[in-house]
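K.L.:
Here are the chains, one letter per residue:
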Amino acid sequence: MKDHDLRRRLMDGAPGPDPDRKRAFLRALPPAPVSHMRLLLDQAGYIRPLTWAASAGVFALAMALGRMFPADAVWAAAALSPFAAMIAAAESGRSALYGMEELELSARFGLKSVTLARMGAVGLVHAALLILLAAACGGSFFRTGVYILTPYLAADLLGLAAVRRLRGREGLYACAGAAALTAGLCAGLSGVRAYDPASFRWWLLALLLAAGCTGREYIKTIRKTEELSWSL
Amino acid sequence: MDIDEQYDRIYRYCCHRLGSPALAEDVTQETFLRWLGAEGYREEGRALAYLYTVARNLCADHFRRPAEDALPEEVPAPETEAALLDRLDLRAALAALTDQERDLVLMRYMNGAPVKAVAAALGISRFAVYRRTAAALAKLRTLLKEDEP
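As they're listed, the protein sequences go chains G and F.
For the first sequence, counting from 1, position 76 maps to 76 in this note's numbering; every step adds exactly one.
For the second sequence, counting from 1, position 65 maps to 1065 in this note's numbering; every step adds exactly one.
Hints in this document: simulated from the structure, not taken from any laboratory.
Be aware that a few hints might be false.
Stated by the list, open to error - Here are the simulated DSSO-like pairs of lysine-lysine, each with C-alpha atoms no more than 30 Å apart in a straight line:
hint	chain 1	residue 1	chain 2	residue 2
1	F	Lys1139	G	Lys112
2	G	Lys2	F	Lys1139
3	G	Lys112	G	Lys224
4	F	Lys1139	F	Lys1116
5	F	Lys1116	G	Lys22
6	G	Lys220	G	Lys112
7	G	Lys224	F	Lys1145
Claimed, not checked - Some chain G residues close to chain F (C-beta under 7 Å, calculated; not the full set):
hint	residue
8	Gly13
9	Ala14
10	Pro15
11	Arg21
12	Phe25
13	Gly184
14	Leu185
To be verified - Counterexamples of contact, computed for chain G against chain F with all Cβ distances above 12 Å:
hint	residue
15	Leu10
16	Trp52
17	Gly145
Just so we're clear, the structure is a prediction, and the values are computed from it rather than from any experiment.
Note that CB positions come from ideal geometry on N, CA and C, so glycine has one too.
Modelling step: build the complete structure from the supplied sequences, incorporating the hints.
P.N.:
Right under this line is the structure:
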């Protein structure tokens, strides 16, 4: 007996399940839970390629400037990092920008989970790129990291606050304005020798402050999605 | 994992093991309910092994219970004499296999379950799955040939 015939005979030996009973059972099944990692990877797939391209572009530009002007590499990277933060903050308000909040709230994974997963995915990629950038700028890795991370977090803080308070395109413009303001401040600080080792403790203080406030702003952003679900 | 597709496969496996479509349906549904209630077995690969292990154990539990003399619920569908004889031959040939041989034929050969999942469900190595499936199929073919007029 041929392989195909034997398999067919075995398949035919058992009649198919009762379609009504099967359908009723499968419909009543709760959806299988998804792990955090799976959710993160799934949501990362929904982030627009433009977001990834823009992030990569900002970091590539910072690295290129660092190569061309090694003496100015640190402040150039610090001045460009707010634009990466702007991309991350804008991504958190994407649902509101396109008026998709209500639809996402009614989906299997609520807006809160989706927002958290997307911010996490962008944040992880940016963290990896920031580490690469800090290493590429030369000098002390820790110090350069602080110089780059501080304006990133400051711009993220302002961007998140803007996206949370202003709806639609206005939020996006305010986010871009906050990034430009922070970048301009970072560029301006290079003229007053703010990147000298003597001023480093102020940077550390600014980093701690920015980290604390950004964390608080993230919590507020997530809480806002919870409020939305209660108002349904 | 496509639950819809796996439902049919687990059902077919149970149907061959138990010989009753209604009972096979009950066991299949019980298998999926237990799988959904089990933490840590939902990833692809582990899930299939878990499903087959539960289905196999539930089928074995059924045979351990004292037999009930109730009338069968399902009315057999009308089929030709040749088809009926074919099915009876197949059932007799499958019954002549050992439990493990039958599981290998049904899980690996009929349902096309991955070797890894079958090995995990039966507690044997991948190599043993390949070797024993080939031996079980050869035995099944011989048994079916003997039944042919």
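K.L.:
Confirm or reject each hint.
P.N.:
So, going through the hints one by one against the coordinates:
Taken as a hint, the F/Lys1139 and G/Lys112 pair is broken in the structure, with Cα atoms around 57 Å apart against an allowance of 30 Å. For a cut-off of 30 Å, the pair hint linking G/Lys2 to F/Lys1139 stands: about 14 Å separates their Cα positions. About 9 Å separates the Cα atoms of G/Lys112 and G/Lys224, which keeps this hinted pair within 30 Å; it holds. Under the criterion of a C-alpha separation no larger than 30 Å, the hint pairing F/Lys1139 with F/Lys1116 is consistent with the structure, at around 23 Å.
As the CA atoms of F/Lys1116 and G/Lys22 are separated by approximately 27 Å, the hinted pair is consistent with the 30 Å bound. Pair hint G/Lys220 plus G/Lys112 holds up; C-alpha atoms about 11 Å apart against a cutoff of 30 Å. Note on G/Lys224 and F/Lys1145: the hinted pairing is violated, with a Cα-Cα distance of about 71 Å set against a maximum of 30 Å. Annotation: interface hint on G/Gly13 holds; nearest CB of chain F at approximately 5 Å, less than 7 Å.
Against a cut-off of 7 Å between C-beta atoms, the interface hint on G/Ala14 holds, since the closest Cβ of chain F lies about 4 Å away. Interface restraint check for G/Pro15: the shortest CB-CB distance to chain F comes to about 6 Å, inside 7 Å, so the restraint holds. Hint status for G/Arg21: holds, given a least beta-carbon distance of 6 Å to chain F, under 7 Å. Hint on G/Phe25 holds. Least Cβ distance to chain F is approximately 5 Å, under the 7 Å limit.
With a cut of 7 Å, the hint placing G/Gly184 at the interface with chain F is violated, because the nearest CB-to-CB distance is about 49 Å. Of the supplied interface hints, the one on G/Leu185 is violated, with its beta-carbon coming no nearer than about 48 Å to a beta-carbon of chain F, more than 7 Å. With a least beta-carbon separation of about 4 Å from chain F, G/Leu10 fails to lie farther than 12 Å from that chain, contradicting its non-interface assignment. At the 12 Å boundary, the C-beta of G/Trp52 stays outside the reach of chain F, the nearest C-beta of that chain being 26 Å off.
At roughly 36 Å, the least C-beta separation between G/Gly145 and chain F is larger than 12 Å, which holds for a residue marked as non-interface.
Checked against the numbered hints listed earlier, the structure breaks hints 1, 7, 13, 14, 15; every other hint is satisfied.
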